[in-house]
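Asker: Assemble the dimeric complex from its two separately framed chains, guided by the hints.
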Amino acid sequence: MIGDMHAAVHRSPLVRSFRRSLVAVLGGGVLLAVLLAALTPLDGSAGPVLLLLPAVFLVYVGTGLIAWRRRPSNAMGTLIVGAGAAMYLGNLWNTEIPLLESIGAVCSTLLLGVVVHLLHAFPSGRLHGRISVITVAAGYFAAVILQAPQYLFGPRGSTPMLIVADLPQAAAVGLSVQRVVGAAVMLVTAVLLARRWFDADPRQRRALGPVYSYGTLVVVFFPFSAALLEGTFGLPPAARGFLQFAALGGIPVAFALGMLLGGFAKSGEIEELGTWFGVSGAGRQDVSPALAATLGDPSLRVSYWAAEREAYVDAGGRTVRDGPDAPQPPGRESVGIDIDGARVGAITYDSSLVGDPELVQTAGRVVAIAVDRERLTAELRASHLALQRSRERLVNAIDLERRRIAQDLHDGIQMRLVLLALEAQQLGSIPGTGAETTSRATALRRDIDAAAADLRQLVHNVMPAGLVEHGLWAAVEDLTDRMPIPTRLTMSPKSGAGTLPSAVESTAYFVVAEALTNTVKHAGAGSAAVELALDGDVLRVEVSDDGVGTAAPNSGAGLRGLADRVDVLDGRVRLRSEPGQGTHLTVELPCA
Amino acid sequence: MRVIIGEDEALLRRGLQLVLEDHGLDVVAAVPDAEALGAAVKEHVPDLVVTDIRMPPTHTNEGLVAALQIRRDYPMTAVVVLSQHVQRRYARELLASPNGRIGYLLKQRIANVDAFVADLRSVAAGGTALDPDIVAVMLARARQSDTAVQSLTPRQQEVLALMAEGKSNSRIAAELFLSEKAVVQHTSNIYDALRLPLDTNSHRRVLAVMQYLSRD
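If you're matching them up, the sequences are chains A and B in order.
At position 320 of the first sequence (counting the first as 1) the number is 320 in my numbering, and the numbers step up by one without a gap.
At position 124 of the second sequence (counting the first as 1) the number is 1124 in my numbering, and the numbers step up by one without a gap.
Just so you know, these hints were derived from the structure itself, not from any lab.
Quick caveat, the model's predicted, so the values are computed rather than measured.
Some hints here could point you the wrong way.
On the chain B side, residues computed to face chain A include the following (Cβ under 10 Å) [unchecked claim]:
1. D1022
2. V1027
3. S1083
4. Q1084
5. R1089
6. L1106
7. R1109
8. D1114
9. D1133
10. Q1144
11. R1204
Restraint ranges, calculated between C-beta atoms of paired labels, are given here [said to hold, decoys possible]:
12. A:R488 / B:F1177: 35 to 41 Å
13. A:A451 / B:P1098: 34 to 40 Å
14. B:Q1150 / A:S383: 56 to 62 Å
Each residue gets a CB set at the ideal place from its N, CA and C atoms; glycine is no exception.
Same shape as in the complex, but just chain B (with noise of 0.2 Å):
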């Protein structure tokens, strides 16, 4: 799997790599700014791209604009943005590109190497990452005035985060000790009680559950 890296910080974008090709990942190009990195996927077209929000010139969100940029241009591109913050309204620009192959995620991640390689793996695969603690923020909010979230067991909203941080279900079961049949059973549970259509397209689970959990 071929991989580029956007990071403005030399030591992160430096041992980002290192993890990386630890894990058998093929670094083709590590650049430390957006204008690098357009010019690299050009160049490249790679598998994936793990990308900070924040680089130069502006500090402010060059990540972001770059990978939008990436998912329109290269529809077989897939791209995960790291940030030190994470927040709905870039978990909403970003899921809105189409067919998946996108990611967000606290930059913290990184750290749990394997958990972070399983993601990127995924993410490439044509699936989705969003990172646990915007789902956590979301979920919050949706506890304190939906009755449908309320009603669910503390297991089932389990299952629930997990299913909107993008997660397969054999990802699901293997996290909460269960069985595949029933994290199965769980999620159709959950569907009924929220009244979601039943997809087991993981991108599409993503959006619809984090559509559901948006609503005012």
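With the rest of the complex left out, here is chain A (with noise of 0.2 Å):
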């Protein structure tokens, strides 16, 4: 999608001038790395392996660029090259060039303080809550005001130009509560990091876990690694050197990486997203996948604002427990979109994916307006699955009414019935009872039994018991013998049709009848044919006669209330009568 939105547009004036001051940013950084390279000294022993640090910084602002522009909005790009600017700066200490010097000492542990503000502000780029910006405010304290004693009394890591006493005692003192204050800063990181991947969802922690730990290890084994690869594993200073270049140069690709693939807003897109919804008229898509790409979290979702139901609903029309006032779980926020005070939708996303609540909310008012496009139609949907689940319950409710009123005559009156005709047959039988009382109370029975095969046919005509007792086959078999015209029935599978949803069969039945019924009394047809034929999931029912052939759609209730239960149903119906060519009826209802 995104990939058609560029496809589709051009660039915004905002967007190109954005991406030329990166391409200048870049192109000061190869020329600081060049100058650095003039600057240090190449002759030493260590020389060879002096010439990777401006690679190193290069890595730092290359990989900051790439993040930078990836993610304007987010503040990683820019810290990563910041922390390249430090790196540089506290490099300088090996030109010798004494002013040059003295800026290297002073920020010679200016990186590790931008590395834990780097671990803080991962991966939003911004700093989370009081403890945080005081932990970071520490670690810069640690690392440039606490150094300071270093190159003001000592005369380790320190230049001619800085010294202002010669006290190593002091300096020692000095050192030793830089390193007590950058323990503890690094000690609140190390809680306060492993809280944040303790309460991320897995697919976070795959990007979360390696760059906290390796940024980690960098800042708390960096300041001792000389001593440690020299003095502990006995490595030559070219080799030594290599891997502490190599460890710092790891350090603006994990955070780079970890950021663009753990995924992050791409705030510059936003315009741009705007544009495509405006023009492309590729809106008719859903939104949400669109905001999710641009804003770099996959898992965002736009519910639409169903003002009857006073309630969101997802795409298709379902309620969801979006918006501003829905509590939401741990990690995940919604904010509401408007349109002139009135709310039409929200946007739900992962908040520590996207960092500014700001930057959704300005997305939010750009596809305001394809929002509110799609809430209308959500909202239709919503209403039409509403109508579609109301229509259904009252066919389930006639066809329950019918078999309560069917069960009801059955257990009530036909029985009551057989007793009275029974009672007046006996009446009859009484010994001792005149010829004229014994053929009156027969006579009686008789007209009982006519008035219980008059039930016996409403009760029929109400709720077949073939339908009740044995199913849509023998059903539909025993209207067709009662037919008075010759009707030919086939059925497949010959064996019936197992167990049809009841809305099915009875359906299904009333079609079949009500056809039949217009056959006789309408068409004037010589025969007629039935066919019922079960395929796969779908039931085909057809009524055809040879009769005058003028039947519409539409002519009779009985016929089109039945269209309208097939409707329900979910089902088709094909009508064919041409004047003299019979009346030709086809009912499809799918049965799954």
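Answerer: Right, dumping it as structure tokens:
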């Protein structure tokens, strides 16, 4: 979808100017790298290794700019470039120009402070919570201010330019203080990151885990790495330097990869997103995937405000628990989308992937019109769904009611008529009864029998016993048996249809009954044919006759009502009735 | 003759029991559902079972299933199935049980007590009883298209219907106010017209006629 977007519109002036700025920064970075290479003496034992410095610096600038370009609103890119700058400044120490050496001495541990900042800000680029802000500030404090005793009082780690007094003990005390504060900063950082990792879902953990571990390891072990690698493992200085630079160079790559692959908002695309919805007409597609791709959160969902139900619904019309007022699970947020103060929808997203709620709201304003259009569609679908459910309930209610009436008649009045007729018959056979009484009693019994036969027919018309007792095949067979004109019945499979849904059975039955009634009453037909065929999940019912053929789909409430029933069951009705060609009705009912 | 009644309506069950007892039948059990019917038949092994087709728990065709089961398991126990509505498929299923001793009647027939009890006795004695309503439907259907049936005289059609109902020649004679000899004459003419094999066994005679009438 985003690909379509790129193809469909030209880049906006804002985006073009932004890209040009990044290219300028890159140019500056390359220039600085060349300068550093030129200023660094390469003749010492560590000379060739020192040439790695400008290369590592370029890695910082390069990855930082890539991240910046891909996620302009995310401060991670800026921070990585900043880390590159810190690293550059710290390594001016290696030049042999006093002023630059001094700057290097002052900034020698600045990079560690920036890495702590990166760790806390990952992946959104913002610091979440007061503890993070204080910890990062303490980190910078330890890296810059607490470094001061080293170059002010100590011969180690200083330049002649900066020393104010030679107080090795003060320098040693300063170093201890710096290490204690640094350790405290890293302890708090480790606890905080562990908690964030623990709260994250498995997908986020895959991005957070490696980045957190790598960053923390670098900060904790870098200050001791020289002593550790050369003293304990006995590596030559050149190899040690190489390893250190590699570890440093890994930092920007790790953060940038974690951020880009873990997903993050590309706010620079939002403007284009708006153009896309406005221009390309592709907004007929769901807004959700487009926004999810743009904001870099695959779990993002757009829902629509259904005013009538006072609830948010998804694109299919089903109610969802979204919106700013609905409680969301930890790590998820929901913001409302409004047009002219009227609520049209909500965006629900992963707050750890999309750091900035403002950005989501901006995106929401951009797509509001498209969301409103989809909201109307969703509302329509929702009411259609409700209507469909209600029709299904009606059909089922009618069937249930018919069954109940038939059962009540069967249990009640039919049974009483049997008993009454029995009683009448027995009246006539009491010993000593006159012939006149006997014959009148028998006549009474016959009348009651006739009434019972009428009632039997009535019950049969309401809900045929065969349908309840023995299914559609038996009931239709009985129906055609009682036809006054020759009626051919074809059923496949012959053995019966097994258990069909009762709404399908009764609909199919009444379709046949109504069609045959019409044939007898109006068609003047000489013969008729009925076919029932269960083919996979579809029941096909065909009723045809050789009559006058003037039936119309809307003629007679009976057939129209049945067409409605068929429609409720998602079935199809075809009626072919040409003068002189007979009438041919086909109904197909899905019965999965 | 020992009889068991299966009928879920208490009033009708009681009424039926009284009528049968009045006519000298020994009602050994009267039960309200198919399960109790099976148990009672197992206990008493009666000469005759009279059962409603529709009984608890599902009120569909428990009585029919029980009837077929009884005919299979107890060859000497006759079964008459009563129903509010009769139709061909049930008739076919019931007639398929071997050796007759089967009846399928509208419930309303109970009221004509003498004829009803005569049907019960005939079925218990190895005969067959099919309701006039279903026979009339089948005959009407055959008259629409079957030229052989169309060629029968009205009287012959009456005799044919009574044959299909399982009536013996003597009962047909009594019902139509004919001599038995005349009935025999009619039946042999009917057999000729429909090309049916001559058969005096009541059940086989019903089967043959019904099969003929059910032809498509």
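Asker: All the hints need checking, so say for each whether the structure fits it.
Answerer: Now for the hints, and whether the structure bears them out:
1. The beta carbon of B:D1022 comes within 8 Å of a beta carbon in chain A, closer than 10 Å, and the hint placing it at the interface holds.
2. For B:V1027, the suggested interface contact is broken, since its CB lies about 15 Å from the closest CB of chain A, more than 10 Å.
3. Against a cut-off of 10 Å between C-beta atoms, the interface hint on B:S1083 holds, since the closest Cβ of chain A lies about 7 Å away.
4. With a least beta-carbon distance of about 6 Å to chain A, the hint placing B:Q1084 at the interface is held under the 10 Å criterion.
5. The closest approach between the C-beta of B:R1089 and any C-beta of chain A is roughly 4 Å, which is under the 10 Å cut-off, so the hint is satisfied.
6. Of the supplied interface hints, the one on B:L1106 holds, with its beta-carbon coming within about 8 Å of a beta-carbon of chain A, less than 10 Å.
7. Interface restraint check for B:R1109: the shortest CB-CB distance to chain A comes to about 9 Å, inside 10 Å, so the restraint holds.
8. Proximity of B:D1114 to chain A holds as hinted, the smallest CB-CB distance being about 8 Å (cut-off 10 Å).
9. The interface hint given for B:D1133 is met, as the beta carbon of that residue sits about 8 Å from the closest beta carbon of chain A, less than 10 Å.
10. Against a cut-off of 10 Å between C-beta atoms, the interface hint on B:Q1144 holds, since the closest Cβ of chain A lies about 4 Å away.
11. Contact between B:R1204 and chain A, as hinted, is not supported at the beta carbon level, the nearest pair being about 23 Å apart and thus beyond 10 Å.
12. Range check, A:R488 to B:F1177: about 39 Å between beta-carbon atoms, so the 35 to 41 Å window is met.
13. Range check, A:A451 to B:P1098: about 38 Å between beta-carbon atoms, so the 34 to 40 Å window is met.
14. Distance hint check: the CB atoms of B:Q1150 and A:S383 are about 60 Å apart, consistent with the given range 56 to 62 Å.
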